[in-house]
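Work the whole structure out from these sequences, hints included.
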Amino acid sequence: MNTLYLVLMIGYLVLAPIFGCILAGLDRKVSARMQRRVGPPVIQPYYDVRKLMGKDQVTVNKVQDFYVLCFLLFVVITGCIFFAGGDLLLVVFTLTLANIFLVLAAYSSNSPYSQVGAERELYQMMAYEPMVLLTMIGFYLACGSFNVSDILNGDKMPFVTMIGIFVGFLFILTIKFRKSPFDLSMSHHAHQDIVKGVTTEFSGRTLAYVEIAHWYENIMLLGIVFLFFCNGTWWGYAIGIVIAVVSFFLETFVDNSFARMKWQMALKSSWVVAILLGLINVALLIWVF
Amino acid sequence: MYSIFFLLLFPALIAVLLLLVKNDKIRGAIVIPGAIAIMAVSVYVAVEFLKGGTTYFDFESEMLNWLMLAIEIILCAIVVYLGIKHKKYLASILSLAQAVFLVWFEFTHAHEIDVSNNLYIDQFSIIMILIIGVIGSVICIYSLGYMRDFQEHHAGEKDRRPWFFFLMFIFLSAMFGIVTSNNLMWMFFFWEVTTLCSFALIGFTKTEEAVNNSFRQIIMNLVGGIAFILAIIVLGTQYGVMEFDALLELDSGAMYVMLAVGLLSIAGIAKAALMPFHSWLLGAMVAPTPTSALLHSSTMVKAGVFLILRLSPMYGDNTVGYMVMCIGGLTFLLASMAAISQSNAKRVLAYSTIANLGLIAACGAVGTYEALWAGIMILIFHAVTKSMLFLCVGTAEHHIGSRDIEDMDGLFSRMPKLSALMIIGIAGMFLAPFGMLISKWAAMISFVNSENLVLIACICFGSAVTIFYWGKWLGKMVAVVANSKDVEETVHKEEWSVLGLLAVLVVAVCFSFPLISSEVLSPYLLSVFGQPVDPIFATFGIAYVSVLLGMLALLVVVPIPFFNKTKKKVKENYMCGVNNGDNLSYSGSMGTSVNVSMRNWYMEEWFGENRINKIGLVITIAIIVVAFALIIGGVTS
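Note that the protein sequences, when read in sequence, are chains A and B. Mapping to our numbering: the first sequence position 182 is 193, numbers consecutive. Mapping to our numbering: the second sequence position 83 is 688, numbers consecutive.
Worth flagging that the hints you see were computed from the coordinates, not collected in a lab. Honestly, I wouldn't trust all of these hints.
[As the list claims (entries may be wrong)] So the derived list for chain A, only partly shown, Cβ under 7 angstroms to chain B, looks like this:
no.: 1; residue: Thr-70
no.: 2; residue: Val-71
no.: 3; residue: Asn-72
no.: 4; residue: Ala-129
no.: 5; residue: Leu-133
no.: 6; residue: Met-137
no.: 7; residue: Leu-144
no.: 8; residue: Glu-222
no.: 9; residue: Asn-267
[What the hints assert, rightly or not] Quick list of in silico lysine-lysine cross-link-like pairs, DSSO-like style, CA-CA up to 30 angstroms:
no.: 10; chain 1: A; residue 1: Lys-279; chain 2: B; residue 2: Lys-1219
no.: 11; chain 1: B; residue 1: Lys-1172; chain 2: A; residue 2: Lys-207
no.: 12; chain 1: B; residue 1: Lys-1170; chain 2: A; residue 2: Lys-62
no.: 13; chain 1: A; residue 1: Lys-62; chain 2: B; residue 2: Lys-1174
no.: 14; chain 1: A; residue 1: Lys-62; chain 2: B; residue 2: Lys-1172
no.: 15; chain 1: A; residue 1: Lys-73; chain 2: B; residue 2: Lys-811
no.: 16; chain 1: B; residue 1: Lys-1172; chain 2: A; residue 2: Lys-66
no.: 17; chain 1: B; residue 1: Lys-1170; chain 2: A; residue 2: Lys-73
no.: 18; chain 1: A; residue 1: Lys-273; chain 2: B; residue 2: Lys-1219
no.: 19; chain 1: A; residue 1: Lys-73; chain 2: A; residue 2: Lys-40
no.: 20; chain 1: B; residue 1: Lys-1090; chain 2: A; residue 2: Lys-62
no.: 21; chain 1: B; residue 1: Lys-811; chain 2: A; residue 2: Lys-207
no.: 22; chain 1: B; residue 1: Lys-1219; chain 2: A; residue 2: Lys-207
no.: 23; chain 1: A; residue 1: Lys-62; chain 2: A; residue 2: Lys-40
no.: 24; chain 1: A; residue 1: Lys-66; chain 2: B; residue 2: Lys-1173
no.: 25; chain 1: B; residue 1: Lys-1098; chain 2: A; residue 2: Lys-207
no.: 26; chain 1: A; residue 1: Lys-73; chain 2: B; residue 2: Lys-1176
no.: 27; chain 1: A; residue 1: Lys-73; chain 2: B; residue 2: Lys-1219
no.: 28; chain 1: B; residue 1: Lys-1090; chain 2: B; residue 2: Lys-1172
no.: 29; chain 1: A; residue 1: Lys-66; chain 2: B; residue 2: Lys-1174
no.: 30; chain 1: B; residue 1: Lys-811; chain 2: B; residue 2: Lys-1098
no.: 31; chain 1: A; residue 1: Lys-207; chain 2: A; residue 2: Lys-279
From a predicted model like this one, the values you see are computed outputs, not experimental measurements. Every residue gets a Cβ at the ideal spot worked out from N, C-alpha and C, and that includes glycine.
Structural data, given as structure tokens:
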């Protein structure tokens, strides 16, 4: 691992929560404007987390904190592997491990609301996982490597041969970002039917950790969007960053313009997308390009 | 050489001895040292032959061949008789057909064919010997305590434990035979013995369900057996070949070779319980749990995939290769889906076994060294992990009175140590730093490299489904339920020592997989494919191995100081009503107390067993029919 990737990794460790926090704030601001409200200040998520940190220390059992800590830890590790130029499949698998810890934290409380949330979280993982794996396979076929570092320095823009996969990936990002119409397991909207789902039984510092983990996770996911556009030149990187930011706000827009759909839709639609966009694009990569 | 004879004969000897012993104490005094001796000799064989590459033993004996034939005919006669007695005439007919083929071939051709090497051993056999010798033996030890409980649960019935232990040990002998036979006739003999043993073990309880399921098993495996003998006939009559190493030398483009390999693949598919033959393994669940553990982890089904992995160099870009790839891949996907709809823990484990066997078979059929590497690795990790999971479920069943996952609510509070082992096992089956996932990862890379779209789709969707069904089971177990009593004290000592040993094995295999890869697998792959690369470092690179080992270490070390300790105030759950203080009920609207009960999600209308099985049967049978039509029509690649 050379110095560049060490810098990138440390940069991620330090800056990801800051950018993640600002993005979350902007998300709320933009959503508010779409709903003709003024909305909170941009760094409201930071205030929220700081307030959570100072709350009374209460928990429903002795093991939950451990699971949530592991969730945060492995989300951060996932991002580090990604920004250190690591293997994309390893990134996916580590992220799965992290998510399982979140699910276990919710299950462990044995509370009806968090259990429903946990099951839905698993269900969502089942929905998006094929498309995520196909995305990584697409990168491998297009760039000849699973390594982020190789893709970053490649001279072909992966997006050109991976348009279908790109659209499919944006589709499942809606689930990953917990946006309507697929915010089944937990949501930042008040209309959620199972209170806060997975996070129902988390409070204070524990809940703050979940928030921070999401900031880290979102930045890593946008990093994958960015990866579609790098071709070893500065303008490729610039396009990547612009598209990553645009796609984040696209998700905000989708979030505000769609009603919640039935849970059945999440699996059906994302598997159809994975087959139609993901698999066919992979087939084209194998046979045509 | 004598150590191998020991492995072939000693378990059979113990088996006969156990058949005669009625006293439980004496049985224990035979089983434990016997099992330990088998384990020790397996390890000794591994050490003795590991560096030697492939070693052949000629060991010719006309007498032995006749003896095997006689035993086979007797076994066939028994099956014919039992089939008539239980009105399962199909079993009788198949068994008779098999005997006719066998005798005809034996008397017309077999004696003209010169077999120079009857037995052999190489690195892959060593791996199998270790799996059978270590895991098989510890399952036998575990059975002692389990069967004691079993006898108490079935008080008043005849004590048939001598018969049970006889079968378990014969099974081990036959498995050692399968993995060391170079002579296909010998392999076939041992192959049929394992079929018969599992037939008797599945029917052990003699209930109507058990008898029906045991006949389903034998009918399906007889189909496989007939395919096997037909393959031998094709090879014997067309090429005069009856040795495995000679078979692998033949030109895989020729029609008759493809036919023989195709038939052998069918035998392997039937034994490994891949679709369309998978239903026998589900039926095997009626047997006592150690039987399931034995069938699923180290013996029987592993013989099926062993044969397919052995044939790996014959597969690849040809009709039979595609047939096995498609069947393996689809079995992986469909069985994983069916597992979602199951709440019976043993059935979930069974479907997961079928799925993993499908993946192993698919890996073997790709026919590249990296795929074979992945296949053998999955086989190893699966054997260790699955045996532990089965035995955990068996122990839990005897203590909570159910093998239903819904009844494992908060098992973590009731049986903490056992749950910890089960969590290691389940996590080992699908989560990141553990071995199964590493080998699945390698499998995925090899599928992508072989550019097979069906396999890519199957592994992507199958992995996603796998996360769901393991995740929800794991969740059930970790739930902390108030007021649960610890019921762990009555677990037998043998059970603890075996479960502990298996847990250590799971962790040890995970940490030592780079070593297994470089010391055992690489030389084997080199001898099979002639490519001097250590796949683990070619596909992953040293950095990733260290990342994975680091994560594993992290998972083992980090939890200890934090787990189950908190300075925080512990409060009740949110119930959307006033919690009665015990997290189990809340005050409803009319002042009544309402109990809370939570159930998992099974999605019957999507992943229901019947629906999935029907789809699987239709597609896989169609694949087999088309593949054989193509082969016989002369389309071999």
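Okay, the hints, checked on the actual structure:
no. : hint                         : result
1   : Thr-70                       : holds, 4 angstroms
2   : Val-71                       : holds, 5 angstroms
3   : Asn-72                       : holds, 4 angstroms
4   : Ala-129                      : holds, 6 angstroms
5   : Leu-133                      : holds, 4 angstroms
6   : Met-137                      : holds, 4 angstroms
7   : Leu-144                      : holds, 4 angstroms
8   : Glu-222                      : violated, 18 angstroms
9   : Asn-267                      : violated, 28 angstroms
10  : Lys-279(A) with Lys-1219(B)  : holds, 21 angstroms
11  : Lys-1172(B) with Lys-207(A)  : holds, 25 angstroms
12  : Lys-1170(B) with Lys-62(A)   : holds, 24 angstroms
13  : Lys-62(A) with Lys-1174(B)   : holds, 18 angstroms
14  : Lys-62(A) with Lys-1172(B)   : holds, 20 angstroms
15  : Lys-73(A) with Lys-811(B)    : violated, 47 angstroms
16  : Lys-1172(B) with Lys-66(A)   : holds, 14 angstroms
17  : Lys-1170(B) with Lys-73(A)   : holds, 6 angstroms
18  : Lys-273(A) with Lys-1219(B)  : holds, 28 angstroms
19  : Lys-73(A) with Lys-40(A)     : violated, 37 angstroms
20  : Lys-1090(B) with Lys-62(A)   : violated, 39 angstroms
21  : Lys-811(B) with Lys-207(A)   : violated, 52 angstroms
22  : Lys-1219(B) with Lys-207(A)  : violated, 39 angstroms
23  : Lys-62(A) with Lys-40(A)     : holds, 20 angstroms
24  : Lys-66(A) with Lys-1173(B)   : holds, 11 angstroms
25  : Lys-1098(B) with Lys-207(A)  : violated, 45 angstroms
26  : Lys-73(A) with Lys-1176(B)   : holds, 10 angstroms
27  : Lys-73(A) with Lys-1219(B)   : violated, 46 angstroms
28  : Lys-1090(B) with Lys-1172(B) : holds, 24 angstroms
29  : Lys-66(A) with Lys-1174(B)   : holds, 12 angstroms
30  : Lys-811(B) with Lys-1098(B)  : holds, 29 angstroms
31  : Lys-207(A) with Lys-279(A)   : holds, 24 angstroms
Figure legend: structure checked against the earlier numbered hints; hints not met, in rising order: 8, 9, 15, 19, 20, 21, 22, 25 and 27.
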